[in-house]
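Just so you know, the sequences run in chain order A and B. Quick note on numbering: the first sequence equals residues 2 to 275 in our numbering. Quick note on numbering: the second sequence equals residues 39 to 955 in our numbering.
By construction, these hints were calculated from the structure, which means they are not laboratory data. Incorrect hints may appear among the rest.
What the hints assert, rightly or not - Pair by pair, the computed Cβ-Cβ distance ranges are: (1) A:Pro216 / B:His297: 54 to 62 Å; (2) A:Lys170 / B:Gln196: 30 to 38 Å; (3) B:Val313 / A:Asp9: 28 to 36 Å; (4) B:Gly125 / A:Lys170: 55 to 63 Å; (5) B:Ser164 / A:Pro216: 34 to 42 Å; (6) B:Glu126 / A:Lys170: 53 to 61 Å; (7) A:Asp247 / B:Lys631: 56 to 64 Å; (8) B:His297 / A:Arg222: 54 to 62 Å; (9) A:Arg222 / B:Asp195: 51 to 59 Å; (10) A:Leu147 / B:Phe629: 44 to 52 Å; (11) B:Glu419 / A:Leu147: 56 to 64 Å; (12) B:Glu328 / A:Leu140: 44 to 52 Å.
Stated by the list, open to error - Straight-line distance between alpha carbons at most 25 Å, and here's what the computed DSS-like set of lysine-lysine pairs gives: (13) B:Lys830 / B:Lys953; (14) A:Lys4 / A:Lys132; (15) B:Lys490 / B:Lys159; (16) A:Lys268 / B:Lys953; (17) B:Lys632 / B:Lys830; (18) B:Lys632 / B:Lys587; (19) B:Lys751 / B:Lys669; (20) B:Lys872 / A:Lys151; (21) B:Lys262 / A:Lys39; (22) A:Lys92 / B:Lys159; (23) B:Lys114 / A:Lys268; (24) B:Lys830 / A:Lys88; (25) B:Lys219 / B:Lys669; (26) A:Lys234 / B:Lys632; (27) B:Lys44 / A:Lys44; (28) A:Lys4 / B:Lys44.
Ideal Cβ placement from N, Cα and C applies to all residues, glycine included.
The residues making up each chain are set out below.
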Amino acid sequence: MLKYFRPDKLEDALVALSEYPLTLLAGGTDFYPARVGKPITEKVLDLTGIQGLRSIQQTDEGFSLGALTTWTDIIQAELPSAFDGLKKAAKTIGGIQTQNAGTLCGNICNASPAADSVPNLMALDAKVELKSMQGIRTLSLEEFILGNRKTAKKQDELVSNIFVPHPGKNAFGNFEKLGIRAYLVISIVMVGVVAELNEQDEILNLKVAVGACSPVAQRLRLLEKECVGQRLKSIEIHPKHLELLDPIDDVRASANYRNAVVPELLKRAITGVV
Amino acid sequence: MITAEKITVSFILNDTPQTLSVNPLRRFSDVLREDLCLTGTKVGCDAGDCGACTILIDGKQHNACLTAIGQVGGRKVRTVEGLSKNGELTPLQQAFLDEGAAQCGICTPGMLMAAQSLLYKTSNPSEQQVLDALGGVLCRCTGYTKIVQAVLKAGQDQSSPPVPKSGNAVGTRMVKVDGRKKITGEEIFGADQAPDDSLWLRAIRSPHPRAKFTYDDPEKVLQKYPGLVKVLTADDVPGNNGFGIYPHIKDQPVLAKNHVRFRGEAVLALVGDQVSVDCVSEEDLGLSWEPLEAIRGLDGALAGNLEPVQAQFPDNTLSRGYVKKSDVEKGFSESYAVAEGIWTTSAIEHGYIEPEAGYACKVGKNLEIFVCTQTPFMDQEEVAQVLGIEPKQIRIIPSAVGGGFGGKLDISLQPLVAVAAWILDRPVRCIYTRPESLASTTKRHPVRMNAKAGCTREGKLTAFEYRGDFNTGAYASWGPTVADRVPIHCTGPYFVPNVLSQTRALFTNESPSGAFRGFGTPQAAIAHEALMDALAEKIGMDALEFRIKNALRKGDRTATGQLLENSVGQVECLESLKSRWIKWRKEAKEFNKKTANTKRGIGTGCVWYGCGNTSMSNPSTMCVGINAEGKVTLYNGAMDIGQGANTIMVQICADALGIPASQFDLVMGDTDLTADAGKTSASRQTFVSGKAAQLAGEHLRAQIIHHAEASEKATIHIEGEKLIAKDDSGEHVILLSDILPQISGDVLTGKGTFDPPTTHLDENRQGNPYATYGFGAHIAEVEVDTLLGTTKVLRLAAAHDVGKTINPTQVEGQIHGGIAQGLGLALMEEYIQKVSENLHDYLMPTVGDMPEIEVILIEDPEPLGPYGAKGIGEHALIPTAPAILGAIKHATGVSIHHVPATPDCVLATLQKAGKNG
Chain A
2 MLKYFRPDKL EDALVALSEY PLTLLAGGTD FYPARVGKPI TEKVLDLTGI
52 QGLRSIQQTD EGFSLGALTT WTDIIQAELP SAFDGLKKAA KTIGGIQTQN
102 AGTLCGNICN ASPAADSVPN LMALDAKVEL KSMQGIRTLS LEEFILGNRK
152 TAKKQDELVS NIFVPHPGKN AFGNFEKLGI RAYLVISIVM VGVVAELNEQ
202 DEILNLKVAV GACSPVAQRL RLLEKECVGQ RLKSIEIHPK HLELLDPIDD
252 VRASANYRNA VVPELLKRAI TGVV
Chain B
39 MITAEKITVS FILNDTPQTL SVNPLRRFSD VLREDLCLTG TKVGCDAGDC
89 GACTILIDGK QHNACLTAIG QVGGRKVRTV EGLSKNGELT PLQQAFLDEG
139 AAQCGICTPG MLMAAQSLLY KTSNPSEQQV LDALGGVLCR CTGYTKIVQA
189 VLKAGQDQSS PPVPKSGNAV GTRMVKVDGR KKITGEEIFG ADQAPDDSLW
239 LRAIRSPHPR AKFTYDDPEK VLQKYPGLVK VLTADDVPGN NGFGIYPHIK
289 DQPVLAKNHV RFRGEAVLAL VGDQVSVDCV SEEDLGLSWE PLEAIRGLDG
339 ALAGNLEPVQ AQFPDNTLSR GYVKKSDVEK GFSESYAVAE GIWTTSAIEH
389 GYIEPEAGYA CKVGKNLEIF VCTQTPFMDQ EEVAQVLGIE PKQIRIIPSA
439 VGGGFGGKLD ISLQPLVAVA AWILDRPVRC IYTRPESLAS TTKRHPVRMN
489 AKAGCTREGK LTAFEYRGDF NTGAYASWGP TVADRVPIHC TGPYFVPNVL
539 SQTRALFTNE SPSGAFRGFG TPQAAIAHEA LMDALAEKIG MDALEFRIKN
589 ALRKGDRTAT GQLLENSVGQ VECLESLKSR WIKWRKEAKE FNKKTANTKR
639 GIGTGCVWYG CGNTSMSNPS TMCVGINAEG KVTLYNGAMD IGQGANTIMV
689 QICADALGIP ASQFDLVMGD TDLTADAGKT SASRQTFVSG KAAQLAGEHL
739 RAQIIHHAEA SEKATIHIEG EKLIAKDDSG EHVILLSDIL PQISGDVLTG
789 KGTFDPPTTH LDENRQGNPY ATYGFGAHIA EVEVDTLLGT TKVLRLAAAH
839 DVGKTINPTQ VEGQIHGGIA QGLGLALMEE YIQKVSENLH DYLMPTVGDM
889 PEIEVILIED PEPLGPYGAK GIGEHALIPT APAILGAIKH ATGVSIHHVP
939 ATPDCVLATL QKAGKNG
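Chain B with its partners taken away, still in its complex shape:
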């Protein structure tokens, strides 16, 4: 019988007896991580909604977050740390590594444990068994495809990708350089590390979308809770109490002063021991709210009946975007057919499985921040102005990032822990809860768009007009970027002689909308692709043929008048899908003949998307060095957030230098150790930072050749401290230990910088906003139950022009993951404040929602890119939702004008058209 406050619990943990004295109601996940330092078990929600904490208890999968430690006594527990023995990977782990089943790695321990429970029962499971076993674990990166493949392959006829030889890394399926630690639980994410004496920080956030507030003198609560060290208020911020992406719009307070503008905004921050900061209530703080009528939705923003969200923007208009090419009116007047429509989309959550986490620690006159981020150098500048100190006084040490997708481009806890650690001179850590992460961080912009397109009788596009209002929420974040990027891309990858596009980013008292994989273009693509379908139908042309006819080609000019000279693979992408398109459509037709209420259809969607910042310098610098012992290190400032930049950069640099990629060590993202490689956004890292990595490798190689007095064609080998360059005249040896080391400790270094060439855009936004574009097309097959309105995506083929595939496994992984997010956007995802602040009401695709996916890689090389490569990260997502919506139209005859196309939305549309049943 157990009756004490703390109890003794004994159990077998990873084959070793374990006894703890512990509060029996603590979540087992928390005890594993904090008391036993087994941080391989991840926490994504604390509510059993994500499965990241899946462990085995008596061989069966359980959520550690739903298990009281008091219930574990006498049981046998296995965590990810207990899978491999003596450093030898299990067949399942090896399969995960080989197949590229781990991207960011945050869900990987949960996936591994869930899969392992199945493999204990059967060594040769069916695909359905695998789906059922993994159904309780969410992944936001991989689209699950490679995870399922890995489980099916585990222990079966497994062969690992060969380790690439010198000069041959690019183009191979080299396994991730950081892959091993992601499948053993050794990878350190934001919540996995903090100094032992860290204080905890918890922000108090607004429950109201708009309100005034007051609170009592913090001294009162400090007296009540001895473990509480500080209550931070707006007045404690030493520098500017404001942050924001744009240098001239630092509009979001670190801690609100008197007035909040969205539900989830931070007003106070409690710092102290963990129990104390968790226990303090609003009543303790004397928080008193005066709710004000909130501006909701685009109509609310435009109504003008309430005080504007921000006083400096009286009409609630943050920014406008514009593109004008020739004369749309003339274009429409000369059109044979015109199609138009209105489409609306919802707020979408990034849904990375790793909530924001990290710590700050004062080191002398400087501050170190360990945090999950997509952009260490921007964080550095941002926090510096909040503290009122020089950026160089701040060192950002990025953790491994458990998914980002744009959501970790904005700062979250960085300024809070920074202010606390700076003031208190104590390390301070913070881990967002899932509801806090959902409520307080940015979303994909909801949009209402009105678009119109015309074509000739022969099907050549004549004119395109687009107007989009984007709900940018309470603070600016990346709103101007979205308003700017969308008009440039809003025609889709088609040649249109006349274009007019106007966008607005409008403030509301809703979650700030920020950057999310595609910066508004996934929403715009829904409109342009629906218009392509509508025009094709009007002139009686096949929808794919219509797209081929109008696809951008070399020699065409874009909506901004940019002449496309290289790497325009749109036609090849479409052509590569043509045989499937014809076959699938025929099969769907046959199927539909036999069924009354289950209808299949095939749709298509296309993408083009500029890689890098819009008409703005966005350089990356990469450094590589060899030390006296012959160790080669790539100092990579291009954040790997799961997409694989670490591996891609090594592959590129290794080939440029001419040594095997396997000899590389890597430093990622640390602002003290790496050069600025810009932010991981805008599909720019492979193209921009990859080019810098290539130049850095070439630079180092040139120095080696020079030092060794060898010829340009020499091959290079490193044998301990000897560097040997071999050419026709023989071996030239450099003794590395004879060279004076630099500050980094390296004796020979290479550096490369690349800034993609763009031009200023004129008053009509004409010019060259991007140095290169990626292109692509998807076709999707859906099955719609016309009596229930449910839609299942059965299969999807994705063709993308990536210039050059640096690593097919990684590129496929990006495409699979993009498709999953596009599917979520199309069919199920909608963030509603207060209502969907958890992962069982905010629905993202599970392993059972994914279609069978086929990836086709087109390589039309980009001369500026590394070995011809360009980006893929965002391109992968953009065509999916349009393809699915087109397929629903093909299946049922009805056009969906709002996403997500939930069963409710689809059935209502069918009913309206009299087509239900």
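Looking at chain A on its own, in the form it has when it is part of the complex:
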């Protein structure tokens, strides 16, 4: 049996996946840190040879971010202002080394509660396309990430791309991340937001998600609903908006702290949209 497979065609990757379990490798920014001082014994499917997966494409329906799209690709791509939050997040990931290697798809597949892409992609209503020999499945990001380090990806599937439907014409994104140091920092709390405004700067629709305060980042749908028609600066955050959040104590901060700062971070993310 083969230990390492680096195909240059997606079809070959899918065939291999259909045959036996494989660990997927792209940027390596999660793969190698999980194996410090340990021998690598599993069989690995390295996706980085598949040129077609590294692309950002605009279609009539929206934007398709290929599986090998790196943080740096996001930073450098010309994307509508709804993506500004995602771009801002990309610049806060690790150092530039990580941004050059790490992929968005790897970030969602790793499914860390502190994954910086997730609140932004949720606010962009992103969908995940899964491919296997059986065909294509499309899940919303919320359907895809099931829990801490747990996704709906089946053993024979790979995430071929993330799809972001066209945001509204006047939609703007923003991201706020709270960490303890300037670079190489994992979020204590983060907020991704996309707001679509009318000509009077009233909210047509708002999508907002909070990360690192629950096993999976959470959309705040009640808040989103109540904000329609308001101005960004007049939004008030109430405990009922945050009921889905369930932060824990960890090395970075206490649950109490997270609960205390979420409303403020939300306010900053939302008012900072424009």
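Given chain A's structure and the hints, the job is docking chain B onto it.
Then chain B, alone, in the frame of chain A:
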């Protein structure tokens, strides 16, 4: 399509095509270092957390440790070795050398590559662009300041420091004598060299803080893994299976027998080929653990409900420290104002970017150990007693050291590779992984301290009382030193007529706490400086004025009753900061008027710290020689761990001898080739070994003068094998090749020894513990977000009395680096076993966390020191955290009593005081 176990990978490496047959999943860093012998690319974590392995792939920066070699095919790769061409440094490298951007040099290749990727894009980057480019590389020595300066200066109006002329090296910005190889990747660190036929050693360590354990007969696993040569157990240690800093406390086993006392303790060691030692699992070894309830924290140590950590210390008390001067009760009763409080600190990791590494090799009846260390001669004695042989049978050959900060004063892998190589008669190497380094080596002591100070209505200090319990972990290490040094320094640099100070070092089942830049005084400074602020506030005096009023001056007596006669620059340090203090406070006040939830404040912290060992002989000896060809060599036993001892010693010795420093060759630290210059700790090398270097230079000069029959004032030149002494009566020539060489090969040699004068301390610990003290003060400006609890240090001014600045670039570098570590201590660093055993959960400051720093050097010469110099290494760190905490208090009105002052801690304190928002 690639489908084999080993694959062929072709790529362009430093402009040259390269083809390898290799396991495609190996980390590229590993392949570069081990297969291609390009050891300039460093490995600090294997997890993308430190950036030391940063290389360029297609011109962009990547962590080589996160790149599978299988992914490199067809790409263009550049490593540090591929920067300079034909031996000519690039403008970036030249700027690193000129600015002193490399201290230990372990992060330097990563920094250079990260910076180079930016300079490919823009030749004139903004500071923000530089910060962003370097954000992924950690440095623990420099505080990043000179690195950023170097990148900004690269290729722009660059001018190198002039090469100092004869007799003029001291006081100049002479570039590091070992600087060039640190910026070309040629420097050899602990992991960069080993004999080709070396076996690898990997220690198996306890996952439990306290447990009993058993394992199967090693024969079983040896049969399963043919590449495995030996499983070392406690029974294999030929001499004493114990080590420790103090001659009478060799309490830490090389390999534990039956029972472990902390998570990370070594129980077995696998020796064999690299793949085999990596693959053996605990199951293979039949390791079986019986976890026991562990003693955690100071309260656990004092509770007495569990068996003591070590049976010979039934109350878990390793040692106590004490200082008593006059009568504190009387002092407090006569005080107008009294302030007191309780402060706690966390375990702190040294965070050198170079994990422990080295090898041992038997040579006849002797053993050579190549290793990163701060103290080769102590290593020699320690390993000798572990092997049960004479120290002279062991030669320690120190590698370049990729940072130490006290953490490489204890031995780590030395006894393991020594035992293995000794038994097997094969060279044996070992490189700690980052998690292993974090889990198994010492930490800064966590402390709980209760302190109280009083003053008169006029603001003169009357009394100071300090009680500190230090969590010393499972083994003694430097615990007694910390318990001893803290009481002496716990008042801070102030004259206090009545002092009572008591400390205890308490055992727990946690990481052994050892030596870390300041031996407990950085923790104690948090208490004494908070008390100074509190007293000043109580009597309505400015905090800086209060410190000036009480600062130690010449003629004062310290807490141990020592009369300070020379080199007491504390008042000058404070005075030099006064104009900034007033201006910054005014600016902060103006700023705060305009903002609701962002508050700025200015705080100050002071330091005094004795240079050298406490009331103990700690001599250094230096040797210098000239050989028949006219080559001058300084045999420097003072380990350079990045702080610059190599350069400082050459500067001093060159001026004493009277020849240009540029003519010196250097041998560092080798126990066969150099004399014992003590350990690189306690801020003693410039003061103690520097003095020895001066005496050695003078000694050699005197012999030259004598040989040449020249006058004392003669100038000396070396021209090939001719040594010319020139005085008023003309030229006196010595033909060096006519003189019979000594064993070292030198024909003329000089030797100098200096042992700083101290006295015994009496039962109240009164006496002269140190020959001299360094003094200093910092002021810091912070900005606190009162809704989130985040703190950003905006600027910091540091004034230090160093006696005499031997090399301003190096001294500034020490201060910048000390500030970075002090900032980490204050705001973010906390080592928690099991949880923070990597460098993304153990947070140290990055380039973006540093304030703008201004350094002010005060020179109140120390008559005993070389050209008046004294130490700076630890002094630089001590005042930073107190200054930051004082600034938070000034900004927000709340006092922080625990470090690190994380956003969580600060916000909770603000909430408690009703001051959030």
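The hints, checked one at a time:
1. A:Pro216 / B:His297: 54 to 62 Å: violated (39 Å)
2. A:Lys170 / B:Gln196: 30 to 38 Å: With a Cβ separation near 51 Å, lysine 170 (chain A) and glutamine 196 (chain B) fall outside 30 to 38 Å, so the hint is violated.
3. B:Val313 / A:Asp9: 28 to 36 Å: holds (29 Å)
4. B:Gly125 / A:Lys170: 55 to 63 Å: The hinted range 55 to 63 Å holds for glycine 125 (chain B) and lysine 170 (chain A), with Cβ atoms some 59 Å apart.
5. B:Ser164 / A:Pro216: 34 to 42 Å: holds (40 Å)
6. B:Glu126 / A:Lys170: 53 to 61 Å: holds (56 Å)
7. A:Asp247 / B:Lys631: 56 to 64 Å: violated (40 Å)
8. B:His297 / A:Arg222: 54 to 62 Å: holds (56 Å)
9. A:Arg222 / B:Asp195: 51 to 59 Å: holds (58 Å)
10. A:Leu147 / B:Phe629: 44 to 52 Å: Given a distance of about 47 Å, which is inside 44 to 52 Å, the answer is holds.
11. B:Glu419 / A:Leu147: 56 to 64 Å: holds (58 Å)
12. B:Glu328 / A:Leu140: 44 to 52 Å: holds (47 Å)
13. B:Lys830 / B:Lys953: Given pair lysine 830 (chain B), lysine 953 (chain B) holds - Cα atoms ~18 Å apart, limit 25 Å.
14. A:Lys4 / A:Lys132: Judged against 25 Å, a Cα distance of about 22 Å means the pair holds.
15. B:Lys490 / B:Lys159: violated (57 Å)
16. A:Lys268 / B:Lys953: Satisfied, since the Cα-Cα distance of roughly 19 Å is no more than 25 Å.
17. B:Lys632 / B:Lys830: Roughly 18 Å between the alpha carbons, so the hint for lysine 632 (chain B) and lysine 830 (chain B) holds.
18. B:Lys632 / B:Lys587: violated (34 Å)
19. B:Lys751 / B:Lys669: holds (22 Å)
20. B:Lys872 / A:Lys151: holds (23 Å)
21. B:Lys262 / A:Lys39: Roughly 18 Å separates the two Cα atoms, so the pair holds.
22. A:Lys92 / B:Lys159: holds (17 Å)
23. B:Lys114 / A:Lys268: Violated - the C-alpha atoms of lysine 268 (chain A) and lysine 114 (chain B) are around 46 Å apart, more than 25 Å.
24. B:Lys830 / A:Lys88: holds (24 Å)
25. B:Lys219 / B:Lys669: holds (20 Å)
26. A:Lys234 / B:Lys632: Distance ~20 Å between lysine 234 (chain A) and lysine 632 (chain B) Cα, so the pair holds.
27. B:Lys44 / A:Lys44: holds (13 Å)
28. A:Lys4 / B:Lys44: holds (9 Å)
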